[in-house]
Amino acid sequence: MSELSKDQYYVPHLAKWPIVGSIGLTTTVLGAINMLNSENPGTPWVMYLGFAIILFMMFGWFGDVIKESENNLYNTQVDTSFRMGMVWFIFSEVMFFAGFFGALFYARTFSVPWLGGEGTGLATNEVLYPGYEGVWPTNGPGDLNGHYDIIDPYHLPLVNTLLLLTSSITITIAHHALRANNRAQTIIWLIATVILGAIFLYYQAEEYIEAYQQLNLKLSSGIYGSTFFMLTGFHGMHVTLGTIMIAIITIRVIKGHFRPESHFGFEAVAWYWHFVDVVWLGLFIFVYIL
Amino acid sequence: MKYVIIVLLLFILFSLGSAMFYLVKGQGQSKNTVKFLTVRVVLSVLLFLFIILAAKMGWIETQSPSFLQP
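Going line by line, the protein sequences match chains A and B.
So for the first sequence, the numbering used here puts the first residue at 112; every next one is plus one.
So for the second sequence, the numbering used here puts the first residue at -2; every next one is plus one.
So here's chain A without its partners, still in its complex pose (with noise of 0.2 Å):
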């Protein structure tokens, strides 16, 4: 394959994915409207379905664009596009995260104490909920879902806390090894990375259980409740794909890979992990501490 100049796109032949992923976008939609119907509810294995072939989709379609990588069919044009592509993703991340983050700062700093009577809320708190005090954390002048104790920070989000700045350390050695072309090193502190991540996991499906069988927190427990479980969720489902990523660019370095001048797909996996890490700090701050 001859090399493309700069202004030409590499255009794949017969390219199938598109149209596969878009049979599993609409398999998976009609399956959960399907579970919606509340007077005869649907199987869920429409929708199961439809995430299957979704991955199917992923795993074919991203393992031709590393082929096609590998084979050097990509110009600057595509990899300027791959770049571009990473700032967008992660800008509806920050978007995102932005909007989990600004409805805790909302409800903490604004509706929480004027419900308990603070600035123009007095009368709000004198006639509907008299004797609501509005202090943090709290499930509401409603008390949704009844007492809960919230989660000891020094506890398990102190180790999962210890355990992400750990796994960020081993990632930027990997990083800084993989510059030096020491591939031996970078399989082995990526694998450390993806081992952390995995135990960080485990601890918070261990909080989430006992959250809600020792303390009563659960989604439904008012304000407090919601914001904990979205941020922490999502968090969380966060670090699932992050280890995956990490776990597939080992193999991908475990099979030769990426070169010190060349290696976008482990840096735009490494920028996100960081991410991720960050977020969590964010989380750790403003969730379990302050």
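Derived DEER-like restraints, expressed as beta-carbon distance ranges:
hint: 1; chain 1: B; residue 1: K32; chain 2: A; residue 2: I134; range: 41 to 49 Å
hint: 2; chain 1: A; residue 1: G213; chain 2: B; residue 2: K28; range: 29 to 37 Å
hint: 3; chain 1: B; residue 1: V1; chain 2: A; residue 2: G213; range: 19 to 27 Å
hint: 4; chain 1: B; residue 1: N29; chain 2: A; residue 2: G210; range: 28 to 36 Å
hint: 5; chain 1: B; residue 1: V4; chain 2: A; residue 2: G174; range: 43 to 51 Å
DSBU-like, lysine-lysine: derived pairs with alpha carbons at most 35 Å apart:
hint: 6; chain 1: B; residue 1: K22; chain 2: A; residue 2: K127
hint: 7; chain 1: A; residue 1: K366; chain 2: B; residue 2: K32
hint: 8; chain 1: A; residue 1: K329; chain 2: B; residue 2: K53
hint: 9; chain 1: A; residue 1: K366; chain 2: A; residue 2: K127
hint: 10; chain 1: A; residue 1: K366; chain 2: B; residue 2: K22
hint: 11; chain 1: B; residue 1: K28; chain 2: A; residue 2: K178
hint: 12; chain 1: B; residue 1: K53; chain 2: B; residue 2: K(-1)
hint: 13; chain 1: B; residue 1: K53; chain 2: B; residue 2: K32
hint: 14; chain 1: A; residue 1: K366; chain 2: A; residue 2: K178
hint: 15; chain 1: B; residue 1: K(-1); chain 2: B; residue 2: K28
hint: 16; chain 1: B; residue 1: K22; chain 2: B; residue 2: K32
hint: 17; chain 1: B; residue 1: K32; chain 2: B; residue 2: K(-1)
hint: 18; chain 1: A; residue 1: K329; chain 2: B; residue 2: K(-1)
hint: 19; chain 1: A; residue 1: K178; chain 2: B; residue 2: K32
hint: 20; chain 1: B; residue 1: K22; chain 2: A; residue 2: K178
hint: 21; chain 1: A; residue 1: K366; chain 2: B; residue 2: K28
hint: 22; chain 1: A; residue 1: K127; chain 2: A; residue 2: K178
Worth flagging that the hints you see were computed from the coordinates, not collected in a lab.
The beta carbon of each residue, even a glycine, is placed where N, CA and C say it ideally should be.
Position chain B against the provided structure of chain A, taking the given hints into account.
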């Protein structure tokens, strides 16, 4: 003392953002991506240690009293 936490967080976000900038602009040739990510990790470890110290010394008011506090 809360301001120390905020300032450190802002520096962390700045180094993460700078790493992203060089990831996109450097076309894989720039050493700055890994450099800023390393700075990010060092700052995060410092922030973590500071939070533990601040909670232990009672410099910050935390949601739940802890065994760390006197």
